Amino acid sequence: MSSSPGATASLPSPASVAPAHSGGTARWRPPLRWLWAWPFPLALLLLWHLSSVLGWAPEQVLPPPAQVFRTFADMVASGEIWTNLEISLVRVFTGFGIGLLAGLVLGSVMGLSSAARDYLYPLFKAFAQVPVIGWLPLLMLLVGIDEALKFLLIAKATLVPVTLNTCQGIQGVPNRLIEVARVYGFSRWQMLTRVVFPVATAPIWNGVRYGLTHAWLALVVVELLASSEGIGFLIVYGRQLFQLDVVLASVLAVGIVGFAIDRLLSLTEAWLLRWRKPGL
Amino acid sequence: MSQATSSGGVPPALRPWVLPVLILLLWWWAVASGWSTSPLLVSPWAVWEKALQQITSGDLWAALSASLWRNAQGFVAGASAGLAVGVLLGWSRWAERLVGPSFHTLKQISLFAWIPMLSMWFGLGDGAKIAFIAMAAFFPMVLNTFEGLRSVPREFIEVGRVYGFGFRQQLTRVIAPSAAPSVFTGVQLALIYSWLATLGSEYLMASGPGIGNTLIDGREHFQMDLVLFGVVVIGLVGSVLNAATGALERRLLAWRDRTVARY
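The listed protein sequences correspond, in order, to chains E and L.
For the first sequence, the numbering used here gives the first residue as 1, with consecutive numbering after it.
For the second sequence, the numbering used here gives the first residue as 1, with consecutive numbering after it.
Worth flagging that the hints you see were computed from the coordinates, not collected in a lab.
In this text the structure is predicted, and so the values were computed from the model without any measurement.
Certain hints may be false.
From the structure, some residues in chain L lie toward chain E, with a derived Cβ separation under 7 Å [said to hold, decoys possible]:
(1) PRO20
(2) LEU22
(3) VAL99
(4) ILE109
(5) ARG168
(6) GLY200
Built from N, CA and C at the ideal position, the CB exists for glycine as well.
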């Protein structure tokens with residue numbers, strides 16, 4: 001963001017088509033919308049800096065921002081962040097992959113067959129009702145605190161939203177589409193690949209989205225409670241040594257990864273549902 | 001798919017029970033046959049006895065009431081702050097421009113990552129736990145209140161204007177009713193998240209009574225019966241919270257069906 005305000009001010013505002021919510025008259029739109037995002041965090045940062053300069057809060061309780069950023073830079077340079085992040089990401093994506101596959105299969109089975117739904121849905125509902133954090137102590141007893149624990153819990157966090165959305169997405173396919181396909185004499189396979197799954201893509205994708213977000217949440221919980229490496233462990237470790245700059249730098253890393261996952265999902269969504277755009 | 005329904009031997013009403021009963025039988029058999037000598041393999045009967053003992057001795061009540069009270073305090077603080085910030089962001093474009101991006105960035109940080117910081121700032125007592133629960137309730141509340149206010153159809157406001165509604169009437173007759181369903185979704189999510197946060201805070205700041213502490217104690221002492229009982233209690237509390245908000249929503253938002261019928 002190095003461009004000077006004057007250089008960009010002459011450009012037409014890209015957001016001028018956004019619907020206004022109140023007031024029917026023509027509204028003045030401030031130029032440079034993105035600039036407005038900065039004063040608030042900068043003011044907070046300044047306040048934080050001042051609090052350490054003026055000694056409102058002791059350094060053990062709130063380290064100055066400069067120190068946190070320096071620690072973050074050090075941890076990036078020394079590779080400490082990368083090695084732990086790599087471990088965490090492998091855990092998330094392995095667990096997510098297992099949960100995704102199982103969820104798609106289970107959700108499809110329950111969505112396509114009402115008999116399977118009768119048998120499985122109540123048990124699934126009971127299983128889903130207990131959150132990941134409730135299963136954690138039980139699984140720690142059963143499988144110990146190795147990688148299996150992380151994979152299983154992250155898979156559970158992914159499985160629930162994926163299964164629910166897949167099942168509801170398939171059930172929500174409009175009957176008239178199925179009737180049209182039947183009129184055209186579609187086989188069962190054609191019915192699934194040409195009608196049911198394309199229509200259900202949007203709700204299923206929603207489930208995948210929730211699944212990955214929940215997987216990341218579950219990872220941090222598991223690593224805080226039962227791990228000796230990974231980004232969540234760094235937070236606990238810093239806390240135990242009373243090094244709050246390490247804690248805050250790790251929290252920063254967690255936030256950046258969360259942001260990256262969100263971006264990744266939006267981009268995939270745009271690509272996955274690109275065929276819908278012309279119709280709308 | 002109707003053929004499948006009629007050809008199956010089990011009547012549909014009984015189907016939900018087939019798998020749970022099978023699992024229970026298998027479990028019973030595994031214990032009775034001495035399939036494994038692990039102390040972790042407790043019989044269903046032992047879990048039942050543990051449950052009775054926990055209920056009659058008052059241990060369950062002490063833990064559960066401590067957790068629920070904590071949950072309620074955090075929820076009320078977080079949800080009301082969230083409602084206020086959500087209304088502010090939804091109401092004023094300026095507030096949204098100034099605070100919105102920071103808010104969306106902050107919410108990317110996985111919730112539980114805050115616990116170690118909060119325990120540093122508020123100590124290991126109830127203060128830190130409640131602060132964390134409030135945070136968990138805050139984010140969904142802000143998002144859904146904001147969405148609710150932003151999705152009030154412009155036509156509705158214009159109709160209100162045509163009828164000469166004042167600000168007060170506009171607010172109570174137009175804006176609040178059409179934003180209410182989304183706000184309610186926020187309340188529901190805030191309740192779920194605050195329950196998760198209650199458990200998480202009790203695991204990570206293990207001091208004082210609470211249902212999360214019951215589970216952690218059970219795990220530390222290898223008391224499988226206690227852990228299993230705790231899991232059931234957590235599931236039950238979650239479903240009661242869900243059912244309660246569902247019922248409240250149907251009651252408060254009952255006009256959604258009525259308004260159509262009246263015309």
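Verification of the supplied hints:
no., hint, verdict
1, PRO20, "6 Å, holds"
2, LEU22, "10 Å, violated"
3, VAL99, "5 Å, holds"
4, ILE109, "4 Å, holds"
5, ARG168, "15 Å, violated"
6, GLY200, "6 Å, holds"
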